[in-house]
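Student: Based on these hints, arrange chain Y on the given structure of chain S.
Here the protein sequences come in this chain order: S and Y. According to the working numbering, the first sequence holds residues 1 to 460 in order. According to the working numbering, the second sequence holds residues 461 to 578 in order.
Treat the hints as calculated values from the structure; they're not laboratory data. We treat Cβ as the ideally placed atom computed from N, Cα and C, and that holds for glycine. A couple of the hints might just be wrong.
Simulated DEER-style distance windows between Cβ atoms [what the hints assert, rightly or not]: (1) Ala467(Y) x Gln42(S): 46 to 52 Å; (2) Ala372(S) x Asp537(Y): 17 to 23 Å; (3) Val474(Y) x Asn387(S): 42 to 48 Å; (4) Val468(Y) x Gly249(S): 22 to 28 Å; (5) Asp510(Y) x Arg324(S): 51 to 57 Å; (6) Ala467(Y) x Arg136(S): 52 to 58 Å; (7) Tyr36(S) x Val479(Y): 17 to 23 Å; (8) Trp144(S) x Ala467(Y): 41 to 47 Å; (9) Thr567(Y) x Ala57(S): 55 to 61 Å; (10) Thr179(S) x Ser568(Y): 22 to 28 Å; (11) Ile478(Y) x Tyr36(S): 19 to 25 Å; (12) Glu223(S) x Asp537(Y): 28 to 34 Å; (13) Leu235(S) x Glu541(Y): 29 to 35 Å.
One-sided excerpt, in silico: chain Y residues whose CB lies under 7 Å from chain S [as the list claims (entries may be wrong)]: (14) Asn464; (15) Arg465; (16) Val472; (17) Ala475; (18) Phe476; (19) Lys556; (20) Lys559; (21) Phe560.
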Amino acid sequence: MILLHGFGQRYDLPISLALYLYAAAGVVVISFVLVYLFAGDQVGAKAVQYPRRPVPALVPVARSRWPHVIGGAIGIAGLLAVVITGLFGSPRPDLNPAEYLVWVYFWAGLLILSGLVGNLWYLVNPWAAAYDAINRFVRLGPVWKLPNVGIWPAVAAYFAFACLELTTGMANRPWLVATLALVYSLVTLAGMILFGRDEWLEHCEAFTVLFNIIGRFGPVEAERDESRRISMLYLRPWGVGLLQPWPAGWDRVIFVILMLSTLAFDGILYTSPWQDFNVVLEPIWLPMGPFGFFFIRTLGLVLLTVTFLLVFITFMELVIFLGRRNVDVKATIAAFALTLVPIALVYNAAHNYSYLVLQSQALIPLLNDPLAKGWHLLPAVAGIKPNFALAQASVVWYAQVVLIVLGHVIAVYLAHLRAGERFRTAQRALLSQYPMLLLMVIYTMTSLWILAQPITKETG
Amino acid sequence: MSRNRIAVVVGVLVAFVIVGGILIYARSTSGQNVTFDVTVTGGKTMSPSDLTVHQNDTVTINIKSDTDGEVHLHVYDIHFETKKGQTVTQKFKADKSGKFPLEWESTSTDLGQLIVNP
Chain S
1 MILLHGFGQR YDLPISLALY LYAAAGVVVI SFVLVYLFAG DQVGAKAVQY PRRPVPALVP
61 VARSRWPHVI GGAIGIAGLL AVVITGLFGS PRPDLNPAEY LVWVYFWAGL LILSGLVGNL
121 WYLVNPWAAA YDAINRFVRL GPVWKLPNVG IWPAVAAYFA FACLELTTGM ANRPWLVATL
181 ALVYSLVTLA GMILFGRDEW LEHCEAFTVL FNIIGRFGPV EAERDESRRI SMLYLRPWGV
241 GLLQPWPAGW DRVIFVILML STLAFDGILY TSPWQDFNVV LEPIWLPMGP FGFFFIRTLG
301 LVLLTVTFLL VFITFMELVI FLGRRNVDVK ATIAAFALTL VPIALVYNAA HNYSYLVLQS
361 QALIPLLNDP LAKGWHLLPA VAGIKPNFAL AQASVVWYAQ VVLIVLGHVI AVYLAHLRAG
421 ERFRTAQRAL LSQYPMLLLM VIYTMTSLWI LAQPITKETG
Chain Y
461 MSRNRIAVVV GVLVAFVIVG GILIYARSTS GQNVTFDVTV TGGKTMSPSD LTVHQNDTVT
521 INIKSDTDGE VHLHVYDIHF ETKKGQTVTQ KFKADKSGKF PLEWESTSTD LGQLIVNP
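Same shape as in the complex, but just chain S:
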């Protein structure tokens, strides 16, 4: 079995060399066109102002309880389905709904959808919904105050989740996925009860932190009054929300870098350079037995993350040097980190597109017998086979290249606005953005390169 991502088969064909070269050339040309067009733009706080359109008609809906009730019900039902089918269903990942719900619908699907429409996790987060439901009957107040830990706990949880998906090789075991979901649920609920709902979610719950960042890319913006009630909803262009103020800190920079590196690692795992790396280090990890597999992959993920981080910091030092202004280095680096999110998000969509389209359909026939007990709950869907029409290689290639170029354009534009805000004169701002542009070209090229790699076969 070829095991990419958490589980499941992929039928992707690497982008052809011609298309890869063409897209790469396009990225470079478009980058320079953009820089030319940007010359002489706004500086200061004005630079990061973006257009948005108020949608008062939706405010009553957003204020009502219904989006939360429906979203929460979906979230809790999904979580229960994962735990029940994972623990009591088929041990085969391709026959167990838990695997599809976690890796396809939640991890690939909800993430991409949230980038497209806005932070959906805010509505379906099952732990927040469970907490709110309990809180209606029993008044829950924080017992202790959460120490000033930034989002480091969320960074750790996110890294652990990435390891489960990519480095343990055990993400395809339904019972393990279900057990970990249960454990994480208990920890999260306990954390919310002990330290306060939002305190815990915003600092320690990895998915809330992740989807908050993804939601910034989305086109929906909510404005709240002092009592945190929604006072107005706005529609905005994709990506510009990433320009909104963000607390500065290395924890947040590393979280963003982890988003980039874990995604890239998922693609790199099946390329020949990775295989070579494995072979070279065989004397170290082979004697470790089954643990060696986990060790070498985790080492690879850590090395890639550190590399991404060092490259990013180096380029940011250049940006600040060329901007020639005494800025707060940490705050500037954190602010620019978010401008890389569009590239990561489109790479995610490009990388997962056909996987999502095909595997999401494979769950449907399982509804007939979700626990593999020989039931016939929905005989009508039992024979449904995935439709391939939307996952043809030609469609996938087009979608991938267009997505990657679009993401690149959005990222370059955001970095330009950010530079305008941070550096005093237009000329300085323009000069300072060259290193960032170069970094983005490198990063986009890396994404394309991974998509064009002949995927090597892996047995195991």
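Tutor: Showing chain Y alone in chain S's frame:
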């Protein structure tokens, strides 16, 4: 950014996509008859292991195995019921592009793949 500038950016993007599309379509040479003679050994290996065709080619695969069993071509969902020493033939149109594994069904062992270029 002014409207003119946005128009330039959109224009560049559209031109980029169109040229890319022409590039892809100009390359395809599909609709031919292709035949592969494949040997499967011990339900573990297959030679040749990569079968490359173009979309809409008519593909004939002859599989000769030294053991009884079944070879499964994913997505196309074609099964070759192999008998020791005999050749099993399946003919089909490669209407879906992508990379599809050929698997020894009973052990889920990857034997090779059918690569259908668009």
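Student: Against which earlier hints does the structure fall short, listed by number upward?
Tutor: Result: hints 1, 3, 4, 8, 12, 13, 14, 17 break, sorted rising.
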